[in-house]
Structures are given as C-alpha cells and as structure tokens.
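Student: So the protein lines, in turn, are chains U and V. Positions in the first sequence are counted from 1; adding 22 to them yields the working numbering. Positions in the second sequence are counted from 1; adding 6 to them yields the working numbering.
Don't take every hint at face value.
To give an idea of the chain U side of the interface with chain V (calculated C-beta under 10 Å), a few residues [what the hints assert, rightly or not]:
(1) W134
(2) L140
(3) A233
(4) T268
To be clear, the hints were calculated from the coordinates, so they are not data collected in a lab. Note that CB positions come from ideal geometry on N, CA and C, so glycine has one too.
Listed below are the residues making up each chain.
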Amino acid sequence: MSAVLPPDGVDESSFSRLREKAGDEGRPGSHPHPSPLPPAGEGVELPQRAPLLTKTGWTAFIVAVIAVCALAPALNLLVPAASPFHMSDYAVALVGKIMCYAICALAMDLIWGYTGILSLGHGLFFALGGYAMGMYLMRQIGRDGNYHADLPDFMVFLDWKALPWHWALSDSFLATCILIVAVPGVVAFVFGYFAFRSRIKGVYFSIITQALTFAAMLLFFRNETGFGGNNGFTDFKRIVGIAIATPQMRMVLFVLTGVTLLAFFLFARFLVASKFGRVLQAIRDAESRVMFCGYNPVGYKLAIWTISAIMCGVAGALYVPQVGIINPGEMSPANSIEIAVWAAVGGRATLVGPIVGAFLVNGAKSWLTVTAPEFWLYFLGALFIAVTLFLPDGIVGLAKKWRKRA
Amino acid sequence: MIHRFLLLFALLAASGAHALTAEEAKAIAVGESDDRIAALNKAVANADDRTAAFLQALSDDAVKTAGGKVLVVKDGKGSDPVTGAEVTVPADAEDVINNNRMRGELDTALAALKLFSKDARLRAAAVAELQKEPDEAKLPLLEKAYAAETDPAIKERLGLARAAVLIASSDKAKRLDAARLLADSRSPATRSLLLERVKQETDPDVQAALQATLRGVEGSLVWGERAAAVFSGISLGSILLLVALGLAITYGLMGVINMAHGELMMIGAYATYVVQGLFRTYLPGAFDWYLVAAVPVAFLASALMGAVLERGVIRFLYGRPLETLLATWGISLMLMQLVRSVFGAQNVGVENPSWMSGGLVIGNLQLPWNRIVIIGFAFAVLAAMSLLIARTRLGLFVRGVTQNRPIAACMGVNTARVDTYAFALGSGIAGLAGCALSQVGNVGPDLGQAYIVDAFMVVVLGGVGQLAGTVYAALGLGILNKFIEGWAGAVLAKIAVLVLIVVFIQKRPQGLFAVKGRSAEA
Chain U
23 MSAVLPPDGV DESSFSRLRE KAGDEGRPGS HPHPSPLPPA GEGVELPQRA
73 PLLTKTGWTA FIVAVIAVCA LAPALNLLVP AASPFHMSDY AVALVGKIMC
123 YAICALAMDL IWGYTGILSL GHGLFFALGG YAMGMYLMRQ IGRDGNYHAD
173 LPDFMVFLDW KALPWHWALS DSFLATCILI VAVPGVVAFV FGYFAFRSRI
223 KGVYFSIITQ ALTFAAMLLF FRNETGFGGN NGFTDFKRIV GIAIATPQMR
273 MVLFVLTGVT LLAFFLFARF LVASKFGRVL QAIRDAESRV MFCGYNPVGY
323 KLAIWTISAI MCGVAGALYV PQVGIINPGE MSPANSIEIA VWAAVGGRAT
373 LVGPIVGAFL VNGAKSWLTV TAPEFWLYFL GALFIAVTLF LPDGIVGLAK
423 KWRKRA
Chain V
7 MIHRFLLLFA LLAASGAHAL TAEEAKAIAV GESDDRIAAL NKAVANADDR
57 TAAFLQALSD DAVKTAGGKV LVVKDGKGSD PVTGAEVTVP ADAEDVINNN
107 RMRGELDTAL AALKLFSKDA RLRAAAVAEL QKEPDEAKLP LLEKAYAAET
157 DPAIKERLGL ARAAVLIASS DKAKRLDAAR LLADSRSPAT RSLLLERVKQ
207 ETDPDVQAAL QATLRGVEGS LVWGERAAAV FSGISLGSIL LLVALGLAIT
257 YGLMGVINMA HGELMMIGAY ATYVVQGLFR TYLPGAFDWY LVAAVPVAFL
307 ASALMGAVLE RGVIRFLYGR PLETLLATWG ISLMLMQLVR SVFGAQNVGV
357 ENPSWMSGGL VIGNLQLPWN RIVIIGFAFA VLAAMSLLIA RTRLGLFVRG
407 VTQNRPIAAC MGVNTARVDT YAFALGSGIA GLAGCALSQV GNVGPDLGQA
457 YIVDAFMVVV LGGVGQLAGT VYAALGLGIL NKFIEGWAGA VLAKIAVLVL
507 IVVFIQKRPQ GLFAVKGRSA EA
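Same shape as in the complex, but just chain U (with noise of 0.2 Å):
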C-alpha cells in the first residue's frame, strides 16, 4: 500500500486482539492461527462446525422475536395511552427508524469487523435501496399529488411529460422488491470486482468508497437525474394500496424491520461461523498468508462485500415508508462514516455489537438532539475518539472483559 508501512504490520497489530477474541465467542474448535502442520500419517483435522447459536444464545433471539412481534405491537395498539405501559408512536418510530440503523452496522460488521475493509461509502447503498422503494410509494401517490396528476409532484414542477425510463418498473411492487435487492448488489458488485481484482485495500479502499458516495450524492442533487433532486421523495400517501400513515401500518412496517434485523442476524451468525466466514477472517489478519495457502481472496470479498450492500440496500428500503423521506443527503460522505462508528462502539467482530452500537448511538443521537444540540457533534466527535483510543473491541467486548474477570 505505501513504502512508509511494513507489509502486513496494519493489520496484524490492530485485529490481533480481535482475532483471540473470535475464538472465545462459542466457536472452541476454530483456531486462528494456522494449524501447524499434521504429523505424517495423519489427516488433517478440520474443526468442528459451531452450532447456530448457543442455548442461551436461542433463548435470547426468541425473547427478541416475541418482544418485537407480539409484546410492541401489543403495547403500541392495544395498551391505553394513558397507561405507563403504553409504547408511544413517538417510540415505535425512533425504534423502527434505528432498527433499520441496526442492520447498516450489522452489514458494515461483516465487511469491516470480519473482512477488515472499512467501507465509508456504505450510505450510498442504503440510499439505493431506499430510492427503489421511494420510486415506489411516489407512484403510489397516484393522482392525490398537490397537482393532481399522473406524474409524480416533482415532475409536473419541472414540467415533465413522461416518465423518465429508470422509472419504468416503479409502478409494481414485486419489481419494485427485486429493484432494492439488484440495484445495490450490482453497484457493488461492479465496484467491488474492479477494485478487488486490482487489490485495491485498506485506506485507499475507504478513500476510493467515499468519494463514490460523494459523486453519488452530486449526482442526485442534479434535478435532471430524475430522483427529486434536492428535495427527494416525500409526502407518501399509501404502500400497496394501504394508507401509509395509520397505526396500524406503521406497526406492521415496525414488525416487518425487526423481524429482518434479527433474520440478516441469524444469515450473518451462520456466514461468519461457516468455512466461507473463516476465510474472511483469515484474509482480515493475513491476506498474504492467505493468498500463499492458495486462496483467492476476490471472491470471497466480492462475495462479502455485496451482501453487505444488499442489507444496506434493504434497511434503506425499509427506513423510506417509516421516516417518509429520502434525498440525497443520505448519500453524503458523513452519514456513512457514521455507520462505521455504530459497529465500532459496539465492538467489530461480534454480531451482537453493531445493534447494540446501533441502538446506544442514535438513542444518545435523538436525545441530545433535543434537550443539547450544540453538544452532539461534540459528544458524537469525542465517541469516535474514545471508542478508537480506549475501546478497540466496542461495549460488546468490554462487558465480556468485565465478565471473565469476575
């Protein structure tokens, strides 16, 4: 990468804790270090294949299932308002909004936490997905629009006549779902495969993901693009016909979020416990090492880094219909390096530690939003500090330090 590091010397130093901590997290027949070599005569014991989840490991995602299907909507919908136990909509917002959040710094976990390739351009995949489903719902307007036409409000604003082509498969929803899973996974996987083969990594890989954001959101800002410019899309009315703005709906796009959180949790748990996430781990400590075993990495990170932008492009797309806007500002570079410090507070390489990142940062986000705004950026701008100089391994990794000491 440059003639000042020693080659190597990055990622060995900074992961080497990571890397014990991964053999302690349930998995005990995967070792990380290369296996010395078999005494002749024997075969080559490969390790075990850890379980899904632990015993208690089961116990707490089924908690997590009924506290998102039934316990919130019951406590939203069916608990009075007037009783503490009622879950305001206020809440049912915040916490679909941030579930979506979640499932950004899962998809970042697996690209940064178990690959080592620090993606700063991650908005940019989620604002794809969620301009799919945007494109959707303002079809969805229908002629209810401020100007009463068949053209979306924007379009009519800029004196348009017909559809522009990329809006062509914006009226069905089916097309409209296929559209949040292809379009971010074929703009990484282009991206990915050119800067892959040319083993692009590391700073540069970051740098180069940035400044596609960057020209992304440009690009979106132009009005002549066709996605709103400035303004985006908003003031949905409805989602496969269904008033979009009830309770009722709202619920139902909660339970669809968490839901798929916990899904993209168990896919990520059963990736990275897999033969195909030891690899991705093996490359993050030593891709040389890798290489010289005979391993390819590009398909592996390909691989990787494009179901990561598939999650994002699918958060996106369930953070539209709940937060009822998207423009371009979601594409710019600081949203997502955000992303990044919701998996760093909460511990890289743990899959636990993106959400609860997630869910402590935005929590923290919305309340000093409110009560100190000046102080945000400070506190936000000091968590990047801190998490980097004094909690390598996130929250996650710090409770489990505290726990093995007592």
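Assemble the complex: chain U is given as a structure, and chain V must be docked to it using the hints.
Tutor: Using the frame of chain U, we list chain V on its own:
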C-alpha cells in the same frame, strides 16, 4: 416650501450646468417645428438633469400647455418642468403634439444627452440602447461621442455600436468599411453581431469580407476562452495544491489519514478573519496589509492545533490507519462545532485588501488579482516546503523516520518529536491553504468539508510519498475539471473527475508517481 425652492435654486446654480428655464421649455414645447428644433438643440448643448427629464416627458406625450405655461402631467398629477414643484392641471390644458420629425429629434437628443452624461454607467447604458437598434441617423452623434469618450471600455463599445450602424448601412462601401473595422474587436458581442449580419447580407463581396472578419474574431476568441479555462484550471489547481501539500506530508510521508485536515484549513481561515478584525480595530491605516500578518498567524494557529492533535490522539494510533481515520473524523466534528460555538454557524466576511481586488486585463481575458496572488503563493509554499524537506536537518529527519523508523531511532533521532514537528508542519500548511481560501471563497464552519474529498483524491492520484506527484495531480485535476466544466457544467464535471479517478486507481493503484519497491502488498 419657499425654503425648499430657494435651496433647489441654490443647488442648481452651484452645479454650474445651465438650468432649464420656463422660456426654453415653452420654446421647445410650442411653435413651429423649425423653431422648436432650434430651441431643443440649444437646450441640449448645455443641458442638466431637468432638461433630460423634460425631454423624456415630451417624448412620452406627457406635456401640456395651459395659459402660456408648460406643465408635465404624469399619472394625473401636474408639475412644473422648471422647478419640479407640483401644480394643479387647469381644465383647459392642451396636449403638446409632436410630429414625426420632432419625435426623431427628441429621441436623438435624449440618447445624446445620455451619451455625454458625466455618469459612466449612464453612458454605458446609452451605448447599449443605441447598439440594440442600429440607426444610420445616429451615426454623427456616435462619431462625436466616440471622439469625446475617455473611458476605454465605453469607447470600445461605442466603436462597436458605430460599426453596428455602419454594417447595416445601405451603402456597400460603408459596410465593407465596417467589416474591416470590426476585425480589430475581440469581444464576444462582435461575434454575435457578425453572425447576425452574415445571415442577412446579400452582397457577395461584403459577405466574403464579413466571413473573413468573423473567422478572425472567432479565432482570437477561441484562444481567449481556452486561455481563460487554463487560467481558472491553474487557479483551482493551485488551491488544490495548497490543500494537498499539507496532506502530502501528513498522509504521503507519515501515513496518517487526517480527516480533520479540512478543519485545520478552516482554523487558518478563521485566524485570517480574526487578524482582519484586529487590524480593523487597532490599525485601520494598515488594513491593506493585514494579509501579510495573517499568513504567519494562520500557519501558527493550525500548526499548534496540529501538534496538540498529534500529541493528544494521533500518536497512539500510528500503524492503525483505519482507526486514525475514524478518530480524526471525530476531531473534525468537534472542531467544526467549536467554531460554530465561538463564531456562530453563519459564514463570516473576509475582505480582500484593496490591492487584491480588480484584475489584470489581457485582450478579452480578465484575470482577477486574488487568483493570481494565490497561484504565486501556492508555488512559493511549494518551493519553501521542498527546500525544507530536501535541504534542512528537520527535512532529513522526516525523510529518515518515514523511510526506516527503527534505524533512524538507532541513529539518535528522536522519532516521536520528529513526528510531532512533521505533523505540525503539515497542519500549518493546511492553515496557509485556509488563509488563501478566505480570499476567494466563503469562510464558514463547513469550509474544510468541501475540499477534503478533492484533497485526498489529489494525494491518492499523485502517489503516496511524493511531492512532485502531488503537484502534477493537483494542477492536472484542476485544469481537467475546468475543461469538463466548459461543456458539461460544474456538477457533472466534478462527478466525471471523481469517476475518472476511481477508474484510474483501478489501473494504477499506486498512483501516478509511485515509489518503486518490492513489497508484496504494493
């Protein structure tokens, strides 16, 4: 009321211009056409503003006569043309009728009045007016004004207006003459005039002459436009160079990803703002020279902040570039918020000193002085820095530590201190960049954010660990950006450049000018 009249008369008498009298107004308004025109020309010869207002009213058909007196009637209200005082309009007031001859004379008189006005802006407006509708009748007037004009810009436009009249003339010789005259003009307005006439011209000789002139004018304009694009490219490149030079040290030599680099520039710009305020309050006489004091202050402010950052945060993160990136991003957020708390979220005003305003005019090119000064400044900083790195002891240490830290330490170099100095140097150069930016753009808390992506692109494109690469990349990107801007607009140009860099990095991940080595990771 009386007092006000007296004051008005006193003012008019003091101004020296001959004031319109009631007799003159009457002579212009009533009587035989010949007499009226004579009176009109007499009044125009030494006219004042009130004469102009009266003539304007006359040509607008807003003048009436009643009982031997002349009145201006506008929106139903009467006023005395001589004093401007309000008077009641008698019921038997008659309209002043102007025939076509009179109208023509009035229009010429009005334009002439404006052409010879003392106010340069009015003269320019009058020329623009005359240029819009070329009329051969006004030719003598234009000739006279052309001879009398002293302002070079207006004189040029007058010449163009005269040529525009000539070129539409019915006399073939005059048209040919005009084609020859216009060949000297190098302005875009001439080009559009010629394009217009080429379409309408029927005479083959004149057509050929016009075509030749048009080709000449277009040729010179193309070079002017290209030169302008190159200049603005170099100007943008010099700013990128200043921004990237600091990064070339902190990132290129030390390997530290400093996302707060933009905010160090912002500190430099705000330091300039503070120095400006101090000069305005305590040394208003030397205000033009505040920039000279602001340069070292901006450097020191940012260098100090850089040293604090290095000692406080960055030195714990050497060898962990991704963590450095996140921590410095956090620092940048805090610095931005700090500036917002201290100076407010609004942009603050930093004025150019008077010697930096205006510009150098070469042909149809105008090169603003502040841009020229910044180009010079950028190269001066570049020269100073390459001397520092190549010739001084500190430079030697910096090179030694970046090439081989353990050996440098064995030789007795205090590597930790060299790190601090080098980082402070890079930060100080960011402060200089901020000082320069304050002269061409807005100074606000977001100043650094706008440049940070570009600056990293420059360093990445130029190749890490290279000063020369940074220079070529900065100037190249600046000029490329401005040329694409010429045909695709600013936003598309920026996107195109970013995409080009991303594609380029795929081909040459080590940048344009890479240090050759045998590292497996390269």
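Student: Each hint: holds or not?
Tutor: Status of the hints after comparison with the structure:
no.: 1; hint: W134; in the structure: holds (8 Å)
no.: 2; hint: L140; in the structure: holds (5 Å)
no.: 3; hint: A233; in the structure: holds (5 Å)
no.: 4; hint: T268; in the structure: violated (38 Å)
In summary, the one numbered hint that this structure violates is 4.
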